[in-house]
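Engineer: The lines below spell out each chain.
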Amino acid sequence: MATKVFIPTPLRQYAGNQKAVNVSGETVGELLNNLTTEFSALRKHLYNEEGQLRSFVNIYVNDEDFRYLQGPATNIQENDEISIIPSIAGGKEA
Amino acid sequence: MIQISNEIISRISKHGEKTYPEECIGAVLGFVNDDGRKIAREIMEIENASTENRQRRSLVSPDDYKAADQVADDLDLDIIGWYHSHPDVKAVPSQYDLDNALPWYSYVIVSVKKQKAAETRSWFLKEDRSAFQEESIKQY
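Chains A and B, in that order, give the protein sequences.
Residues in the first sequence are numbered from 1 upward in steps of one, following my numbering.
Residues in the second sequence are numbered from 1 upward in steps of one, following my numbering.
Among these hints, one or two may not hold up.
Some chain A residues judged to face chain B by a derived CB distance under 8 Å, without partners named [stated by the list, open to error]: (1) Phe6; (2) Thr9; (3) Pro10; (4) Gln13; (5) Asn17; (6) Asn58; (7) Ile85; (8) Pro86; (9) Ile88.
Read the hints as simulated data drawn from the structure, not as lab findings.
Positions of the beta carbon are idealized from the N, C-alpha and C atoms, including for glycine.
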């Protein structure tokens with residue numbers, strides 16, 4: 001089952017300059033793995049060196065943050081849409 | 001290089017002065033022209049959503065990001081970058097800025113010293129995420 005994944009503007013250059021791509025996966029974790037396998041340059045911007053999603057990367061299943069669902073184990077239903085939504089954070093040195 | 005009008009620079013400065021000693025944050029809306037230059041056309045002030053010390057942290061929530069993206073779409077523009085203020089320090093990105101940066105965006109920083117906007121500089125993330133590189137601002 002292929003699911004539509006919306007890519008934010010700054011990351012589109014690593015996803016074939018597409019606004020959305022179709023990726024397969026039964027769960028969000030599987031889908032993200034397939035996404036970053038197909039578009040490997042996305043990986044370093046989505047995940048830190050420890051393999052954790054970067055703090056500013058939010059994954060939405062339709063309008064719901066996946067952290068409030070079952071995280072990577074969240075099952076994907078037919079017609080679900082996934083969005084990668086960044087939080088923008090800044091600040092001076094502590 | 002990013003091209004920003006004097007009027008927009010002035011609005012960013014005023015936003016930084018208004019929220020001083022807290023940081024301000026907002027979206028820079030515009031487009032990229034044929035020779036790769038970013039042109040700023042509009043800014044959108046965003047409420048600092050940080051729950052940490054807002055004198056040294058600024059945050060755009062995912063909901064505000066989506067709202068800014070929608071405004072950009074409505075204006076037939078893109079979010080080409082973000083601005084925020086650095087109260088009482090230089091307009092140079094911090095390690096925190098680096099850890100949270102996305103590629104491609106321009107990060108415009110205005111230094112606000114004693115409630116008065118000083119320098120405005122713009123930066124973008126290097127491809128390997130190792131550091132920021134400064135980009136020139138063409139004011140007009």
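Engineer: Please go over all the hints and tell whether each is borne out by the structure.
Structural biologist: Status of each hint after checking the structure:
no., hint, result
1, Phe6, "violated (10 Å)"
2, Thr9, "holds (6 Å)"
3, Pro10, "holds (4 Å)"
4, Gln13, "holds (7 Å)"
5, Asn17, "violated (11 Å)"
6, Asn58, "holds (5 Å)"
7, Ile85, "holds (4 Å)"
8, Pro86, "holds (6 Å)"
9, Ile88, "holds (4 Å)"
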